[in-house]
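Number of protein chains: 2
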Amino acid sequence: MVQVNDNYRKLPQNYLFSEVARRVRSYREANPDADIISLGIGDVTRPLCNSVIEAMSAAVAEMGRAETFRGYAPDRGYDFLIDAIRTNDYLSRGIRVDSDEIFVNDGAKSALGHFCDILGGNNKVGICDPVYPVYIDTNVMDGRGGVLTSDGKWSDIVYIDSPAENGFIPQIPLQVPDIIYICSPNNPTGTALNGSQLKAWVDYAAEHGSLILFDAAYEAFVRTPGVPRSIYEIEGARNVAVEFRSFSKTAGFTGVRCGYTVVPKELKGRDSEGEVSLNALWNRHQSTKFNGTAYIVQRAAEAVYSPQGKKETALTVDYYMRNADTIRKGLEFAGFTVYGGVDAPYIWLKTPCGLSSWEFFDRLLDECRVVGTPGVGFGPSGEGYFRLTAFGDYDNVCRAVERIKEWKI
Amino acid sequence: MVQVNDNYRKLPQNYLFSEVARRVRSYREANPDADIISLGIGDVTRPLCNSVIEAMSAAVAEMGRAETFRGYAPDRGYDFLIDAIRTNDYLSRGIRVDSDEIFVNDGAKSALGHFCDILGGNNKVGICDPVYPVYIDTNVMDGRGGVLTSDGKWSDIVYIDSPAENGFIPQIPLQVPDIIYICSPNNPTGTALNGSQLKAWVDYAAEHGSLILFDAAYEAFVRTPGVPRSIYEIEGARNVAVEFRSFSKTAGFTGVRCGYTVVPKELKGRDSEGEVSLNALWNRHQSTKFNGTAYIVQRAAEAVYSPQGKKETALTVDYYMRNADTIRKGLEFAGFTVYGGVDAPYIWLKTPCGLSSWEFFDRLLDECRVVGTPGVGFGPSGEGYFRLTAFGDYDNVCRAVERIKEWKI
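Residue numbers (the UniProt record's numbering), protein chains in the order written: chain X, 1 to 409; chain A, 1 to 409.
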């Protein structure tokens, strides 16, 4: 009989969001008339903007005519999109990124999930706690997790503490990781690192020869002056960091699927014979295991960078940030201790009365008919915290906040 | 410094199609006015059919309205597409496939490239020779290849001979593989296994506890009665086989990106504690490392199964098969020994005059301005063979064939 990857049996049965969905489904079955408002999964709700719709409609029409039909896209993406990314996200901000350092893909999750395939199994992985659970899960699948211990931590992972008293800023760990995941603005805490905080990590990685995997999926939500939107705003970052970007939250592409990864040519890793380029390895990975992003999708992404597209997507981001502000202020008014929601679409709250994250989940669902995400799902340090997202409809957000304000917990 | 996956250094520098593209580019630079006709890379050229265009246009419009906007798709795919696949590709042919056995994805290459992530590193892999090079490359990346020896073979791979004298039918190997890749209709030879030939493999896998990874990307081109389009037409296949399907060639989706994988619940593998379901493992892989296929793309795929969509896509397949017939007959007339082109869009020819595959490539390009694909790129047994594809424009195909007929090689 075929042997399976033995690491999979180490994974807990349920992926966080599947478990949330299961409990909501079960509540809905028991309470079919309940008016449930979801501030749970980080999925967008606003429609695609006009510029994107027009670009996609035109691209669909092109695919229906022999003269303009397009087959396989280039593995790394079409030049028109790579140029738009390079010009708008980097050059215009004074950041150097070369065209052959940009890899267009079907979203940050696939890229983050597979990037470590090109890295060795014995690298020590450092992961902020709490954070997006895909980093841990994919490394466990690849054999870098060790075993899950009774405190909810994986034995081989270096947990990077991000304590509440320091505003959830990740602190330099005692043990040096070879690979460091940083998500800023952070999912779930909403914390965004400022320039000097991020520079400390770039310098640390340079000093220790570590590689930073920088997840910038929420950069569009940064409002505070001086908070970097790209790690390459930091001097020296080209030597130590890969950057993952996505149109999912920036332009509402969760159902369209487009993102990109930047792998600077300076980045090296070591194999048994010497130093090799990570850019070359990732290119090999993508050309072998990926067949390009749909033409229609790439035209949609390009439209996000048109003058009109920029205005329209900014309005949508503003809409969500008004939600974030409403949730944050409403919860503060109700007496909760609240973080995030300023440079991120996530609001992170301390559960009151010593409730565990899942206890709070169940009570919030049962008593307010509001769905959120238990903080413990983002790592053991998330226990006793809870995440609400700003991606809902404004009226629903207001209704949910009113219910929470009136809640006698 | 971060360690890289040491297996990558074992891979030859150039992926087959990149090398073909490089040589064509270099020829074009030296001969800017040359009228080059490509019968090389297996990419479609006919536009998407009307049913698909209409479905996509409607879906794009839906994404632009708040009431009908869709965010993240379900990891496994929308029910509307899963139902259409199940009904049309399986139930209507008397084959049982359950809804939760179908995983919609962004194309067969991603699924084939990553499926072995859920399998152990020590499985012995059996691969037909010649065949689509992604099977070998992905297994080498995962450490199952061993080393590349001077005969062009990987030391740990079981090569499944498919000799010309047996019509390129894969022959049972001496050593038993744990994982067996079968591509039928085959890329590049065009050979399609009939029911009894495929049954021999299903029985062999059942007897030895092997897992078959069945690549059916070209099933739409099967014309010969009795040639299975799905491995599940064979009794017992649910116990031994995963099937990979794609809309790329069936409906011209190479630039749209949609396919699906069928993982029957009967399929088991062994981990250190016992038997586990491959369906559950693949579900875990996809929910962790993939974020669903675009809504618009899934609506496009659904339209392929509408009565009108079926008619329209069948016409396109007919168009390509007329090309295949033209190439096959033309080359036979010119005195070449030719295979395939009957149940597949690929024509496989023996290079004349003892030319190597790459020598033939260079001469065909230089003397006929026709691009094809060197057979040796599909495995060591492909040396001395050459692949032409039927995906071109009919007039160009005729012109290419005329040039080859007049060619004094």
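Hints were generated in silico from the structure; no laboratory data involved.
Take these hints with a grain of salt, some might be off.
Claimed, not checked - Distance ranges between label pairs, derived from CB positions:
(1) A61/X <-> A21/A: 49 to 55 angstroms
(2) A200/X <-> E266/A: 51 to 57 angstroms
(3) E235/X <-> L148/A: 55 to 61 angstroms
(4) R25/A <-> P163/X: 23 to 29 angstroms
(5) T87/A <-> D35/X: 43 to 49 angstroms
(6) K265/A <-> S99/X: 53 to 59 angstroms
(7) D318/A <-> F80/X: 45 to 51 angstroms
What the hints assert, rightly or not - Computed cross-link-like contacts, DSBU-like style, restricted to lysine-lysine with a CA-CA straight-line distance of at most 35 angstroms:
(8) K124/A <-> K124/X
(9) K153/X <-> K268/A
(10) K124/X <-> K350/A
(11) K124/X <-> K153/X
All residues carry an ideal CB built from backbone N, CA and C; glycine is no exception.
Now for the hints, and whether the structure bears them out:
For A61/X paired with A21/A, a C-beta distance near 28 angstroms fails the hint of 49 to 55 angstroms. Our hint of 51 to 57 angstroms for A200/X and E266/A holds, since their Cβ atoms are close to 53 angstroms apart. At roughly 42 angstroms, the beta-carbon separation of E235/X and L148/A lies outside the given 55 to 61 angstroms, and the hint is violated. About 55 angstroms separates the C-beta atoms of R25/A and P163/X, a value inconsistent with the hinted range of 23 to 29 angstroms.
In this structure the supplied range 43 to 49 angstroms is violated for T87/A paired with D35/X, their Cβ-Cβ distance being about 35 angstroms. At about 46 angstroms, the CB distance of K265/A to S99/X disagrees with the hint of 53 to 59 angstroms. A beta carbon spacing of about 34 angstroms between D318/A and F80/X contradicts the range 45 to 51 angstroms that was offered as a hint. The hinted pair formed by K124/A and K124/X meets the criterion: a straight-line CA distance of about 29 angstroms does not exceed 35 angstroms.
A C-alpha spacing of about 29 angstroms is found between K153/X and K268/A, which places the hinted pair at or below 35 angstroms, so the restraint holds. For the hint linking K124/X to K350/A, the alpha-carbon distance of about 51 angstroms lies beyond 35 angstroms, and the restraint is violated. With a C-alpha separation of about 14 angstroms, the suggested pairing of K124/X with K153/X holds against the 35 angstroms cut-off.
In the structure shown, a violation is registered for the earlier hints numbered 1, 3, 4, 5, 6, 7, 10, in ascending order.
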